[in-house]
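S.K.: Heads up: the sequence lines are chains A and B, in that order.
With the first sequence counted from 1, adding 585 to any position gets you this note's numbering.
With the second sequence counted from 1, adding 53 to any position gets you this note's numbering.
Just so you know, these hints were derived from the structure itself, not from any lab.
Possibly wrong hints are sitting among the right ones.
Claimed, not checked - Below, in silico cross-link-like pairs of lysine to aspartate or glutamate (EDC-like), each with a Cα-Cα straight-line distance of 20 Å or less:
no., chain 1, residue 1, chain 2, residue 2
1, A, K629, B, E58
2, A, K596, A, D671
3, B, K109, A, E689
4, A, K629, B, D60
As the list claims (entries may be wrong) - Here are a few chain A residues that sit away from chain B, every Cβ distance over 12 Å (derived from the structure):
no., residue
5, V589
6, E599
7, V604
8, A605
9, S612
10, D648
11, S651
12, K656
13, V658
14, K663
15, P666
16, V700
Just so you know, these numbers come straight off a predicted model, no measurement behind them.
Backbone N, C-alpha and C define an ideal beta-carbon position, used for all residues, glycine too.
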Amino acid sequence: EAGVAQSPRYKIIEKRQSVAFWCNPISGHATLYWYQQILGQGPKLLIQFQNNGVVDDSQLPKDRFSAERLKGVDSTLKIQPAKLEDSAVYLCASSSRTSGRYNEQFFGPGTRLTVL
Amino acid sequence: SQQGEEDPQALSIQEGENATMNCSYKTSINNLQWYRQNSGRGLVHLILIRSNEREKHSGRLRVTLDTSKKSSSLLITASRAADTASYFCATVNYGQNFVFGPGTRLSVLP
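Let the hints inform the model, and build the full structure from the sequences given.
M.R.: Shown next as structure tokens:
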């Protein structure tokens, strides 16, 4: 099966600019996660969707970050305006409760964001 | 603060040796998982151990879980250069919330 797709792979922007990331999960996976991974640290959950509903967005900086999953399939994560400390890799993952490996998350390759 | 904390932060061993990484956590969990991340790539699931299990094996991997001490260990036996990566534990609570630790960077020298 195809894996989790993310684009772009790399993005360089100036601070105060806007940026958007896209994620297409594994077909049939109802749960989608966005993580922020700062260099040298573990991934930090930003938002979790179950189909097109938000399950957990407690660590999403809502003044500048937004995410949507309108049709319960692919998702976009937006930062507006970006700050220097947003430089990180943004990882998307998906999982499925209906598969035999429902607890396992499948990760995309990530988008490396550099804010100058 | 993050739920899982791996120890050591970095580990360097010779090929063929065993590598042991530890993970401690603070609250009740449904399961604990270990993931590997090669440089510049996404994470890959390695193994899952449920809260009612004490030990699991998968190939060269052995995971233990001690819920009384809120700790887990990952043992990689007969290490290879290809095992060089960062290893993360993730705790999963009953609400299916994943919390990753800061990771252990393993270097296996040929």
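S.K.: State for each hint whether it applies.
M.R.: Outcome of the hint check:
1. Between A:K629 and B:E58 the alpha-carbon distance is near 13 Å, which keeps this suggested pair within the 20 Å criterion.
2. Proximity of A:K596 to A:D671 is assessed by CA-CA distance (about 12 Å); at most 20 Å being required, the pair is judged to hold.
3. About 16 Å separates the Cα atoms of B:K109 and A:E689, which keeps this hinted pair within 20 Å; it holds.
4. The suggested pairing of A:K629 with B:D60 holds, with an alpha-carbon distance near 18 Å, which does not exceed 20 Å.
5. Non-interface call for A:V589 relative to chain B: violated, since the shortest CB-CB distance, roughly 8 Å, does not exceed 12 Å.
6. The non-interface label for A:E599 is consistent with chain B: the shortest C-beta to C-beta separation is roughly 24 Å, beyond 12 Å.
7. Distance check for A:V604 against chain B: the nearest CB is about 19 Å away, which clears 12 Å, and the non-interface claim stands.
8. Here A:A605 stays apart from chain B, with its beta-carbon at least about 19 Å from theirs, past the 12 Å limit.
9. Chain B leaves A:S612 outside its interface by the beta-carbon criterion, the shortest separation being 18 Å against a cut-off of 12 Å.
10. Against the 12 Å criterion, A:D648 stays outside the reach of chain B, whose nearest CB is about 22 Å from its own CB.
11. Listed as outside the interface, A:S651 is consistent with that label: its C-beta sits roughly 21 Å from the nearest C-beta of chain B, beyond the 12 Å cut-off.
12. Distance check on A:K656: its Cβ is at least 22 Å (rounded) from any Cβ of chain B, clearing the 12 Å threshold; non-interface status holds.
13. Against chain B, the non-interface label of A:V658 holds: every CB pair exceeds 12 Å, the least being about 19 Å.
14. No beta-carbon of chain B is positioned within 12 Å of the beta-carbon of A:K663; the least distance is around 21 Å.
15. Listed as outside the interface, A:P666 is consistent with that label: its C-beta sits roughly 27 Å from the nearest C-beta of chain B, beyond the 12 Å cut-off.
16. No beta-carbon of chain B is positioned within 12 Å of the beta-carbon of A:V700; the least distance is around 18 Å.
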